[in-house]
Structure formats: structure tokens, C-alpha cells
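Asker: These are the residues of each chain, in order.
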Amino acid sequence: MGIQILVVLQSQKERIAHEDVVDLDALIRGDRAAFTVLVRRHHRALMVVARGMVGSDDAEEVVQSAWVKVFLSIATFEQRSKLLTWLTSIVMNEARMYLRRASRQFEFSRSDSIDLLTGRFAQDGGWQEAPHAWRLPGPEEIMRQEQFGACLAKILEKLPAQQRLVLELRDIMELSLETISAELGLSAGNVRVLLHRARARLYQAIEKFEVSGQC
Amino acid sequence: MLTCRDVTAQIDALLASELPFFRRIVYRMHIALCGHCEKYVSQYREMLEALPDVRDDASDAEVELVLELVDRSQYTREAGDT
Chain A
2 MGIQILVVLQ
12 SQKERIAHED
22 VVDLDALIRG
32 DRAAFTVLVR
42 RHHRALMVVA
52 RGMVGSDDAE
62 EVVQSAWVKV
72 FLSIATFEQR
82 SKLLTWLTSI
92 VMNEARMYLR
102 RASRQFEFSR
112 SDSIDLLTGR
122 FAQDGGWQEA
132 PHAWRLPGPE
142 EIMRQEQFGA
152 CLAKILEKLP
162 AQQRLVLELR
172 DIMELSLETI
182 SAELGLSAGN
192 VRVLLHRARA
202 RLYQAIEKFE
212 VSGQC
Chain B
81 MLTCRDVTAQ
91 IDALLASELP
101 FFRRIVYRMH
111 IALCGHCEKY
121 VSQYREMLEA
131 LPDVRDDASD
141 AEVELVLELV
151 DRSQYTREAG
161 DT
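These protein sequence lines map, in sequence, to chains A and B.
With the first letter of the first sequence counted as 1, position 47 gets the number 48 in the numbering used here; the numbers rise by one all the way through.
With the first letter of the second sequence counted as 1, position 20 gets the number 100 in the numbering used here; the numbers rise by one all the way through.
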């Protein structure tokens, strides 16, 4: 199934590779088509970041305001970081300003501390319910691949907002733990906890899909 | 002794190369001997390798809304300049 994920995502990757050629020179010239590609490509990832910091109700406002700033300041992008990293830092700044104006703070959520694997181990710490093998792709899997892609998106959507935020920043945008910790004002330990919970949830959900076909 | 439960709890530290040397050796010995843990670690690793490619494009409506706001902000700036 790990291979299945890779196969499903390969087609997405090829499509993205084609669409993701953001013409930076055109962007800097203020080219609307290039900006449209940029928005289409990254808006939802930035929404995940904002949602994790300010909550679902206010995320849209934060991201829209960030896009206006991006458009006005794209000429100052010095290409020292990836474009997505730069966009993310603008959204995070905007989110922090939003929280300050609302006299709110980004706080580590201590809820949802359930160990997802509890029940899978015997008292001696050995597996009681062993991990299921994820299937390799075959002809009969082709129909399932589309379902799996949709399921993966749904699983990510269902993650608690802070876990989704840290997973997005670390495993999708590939920011370092130190950067995430500094940007969110959380201890490295708390970032690790959120990341571990998110990954464990994702693993469990993928396994469930593999075993039952249910998302 | 490292248990299978410990393997799942410490997997992120292993993958981030944050386990101390001796602990890492013990961990690797465990997964070399335990098929269940070997499966867990390899599937977990594949999941993480696949994640950077999970991307979801915005809809036309979402893009339009952003472009409208950008246009409006430009108009406001230009009006302010004159």
C-alpha cells in the first residue's frame, strides 16, 4: 500500500510538476496569470496553516489578507527560501497579528492525548494486533487508487487543526522542527508531540482504509 | 529492553536521527528481529515519503475571491495615490 500511495501520488505529482512552474519573473512584473497559478497551487495549504493558528472561522480572512500582501510585496522576495516557505511565513505573520488584535494567543492544545496504538500491545509491550501489510498495487487496485486519493484528503481534513498544521509544516512543506517551533512559539517538545499524534492518526486511518476499504 | 510499543513511540526520533547512538543500535537490532515492527517502520516511512506530494489545488471560486480582493486593494491604493 505504501507503493500504492506512491503510485496514486505519482499521477498527481506529474500533473503538479506541469502546473507548478510558477514564473517568478512574471510574478514580480505583476503578471495576473502567474499570480493566479500561484494562488491556485498554494491557497489550500495556506488555509491549513491559518486554520491551525486562528481557527476555522477566521482562517479565510487571514489568508486573503496575506494574499494581498504577497501580491504587493512579491518584488521583495529574495529567493533565499522556497516560495512556499516565504508564503507560509507571510500567512503566519498575518495570523499572529490577527491573534494580537483579538487579544488571543496561539496555545498548544493538550486535548486529544489518546495513544492511538493503545490496545494494539500486550502487557509485555509486544504486538497484540500486529500492523497489517499494506497492499501492493495490481490491476484490481486501479479502481481503488482514485478512492484512496480522495480518502487521504479526507483523512488529512479530519485531523485536529493543530496536528494538521504541524504535519503540513513538517511533512508537506518540509520546514525544520526548529523553524516550526520558533514560528509557532511552541517548545520543540510540544511540536514533536503534535507531529507524532498527527502521523500516528494518519497511519491508523490509512491502515483502516487498507483493511476495510472504508475511509 | 526495547519493546514493540517503544518502537512505535520512538519512531519519529529514529527517522529524525535524534536517537542516541546506543539507543539507535538497539532499535535497529529490534526491527531486524521483529517482522511486525519492521513492517510498521517501513510503512510509516513510506507514508512520510509520500506526503510532500499531497497537494490540493484551490477551486475556481476560491481563486476568484482572492483575485477580487487583490484587485480591490490595488484600486484602493491607486485611488489613494491620486
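Hints are computed from structural coordinates only; laboratory data are not their basis.
Misleading hints may appear alongside valid ones.
Stated by the list, open to error - In the EDC-like style, the derived pairs of lysine to aspartate or glutamate whose C-alpha atoms are separated by at most 16 Å in a straight line are:
1. A/K155 <-> A/E208
2. B/K119 <-> A/E184
3. B/K119 <-> B/D151
4. A/K155 <-> B/D151
5. A/K70 <-> B/D86
6. A/K155 <-> B/D86
7. A/K155 <-> A/E79
Said to hold, decoys possible - Here's a subset of chain B near chain A, in silico, CB distances under 10 Å, partners left out:
8. I105
9. Q123
10. E126
11. L131
12. D133
13. D137
14. A138
15. S153
16. A159
Quick reminder that beta carbons are idealized off the backbone N, C-alpha and C, glycines included.
Asker: Taking each numbered hint in turn, which are not upheld by the structure, reported in ascending numerical order?
Answerer: 2, 3, 4, 5, 6, 7, 8, 16
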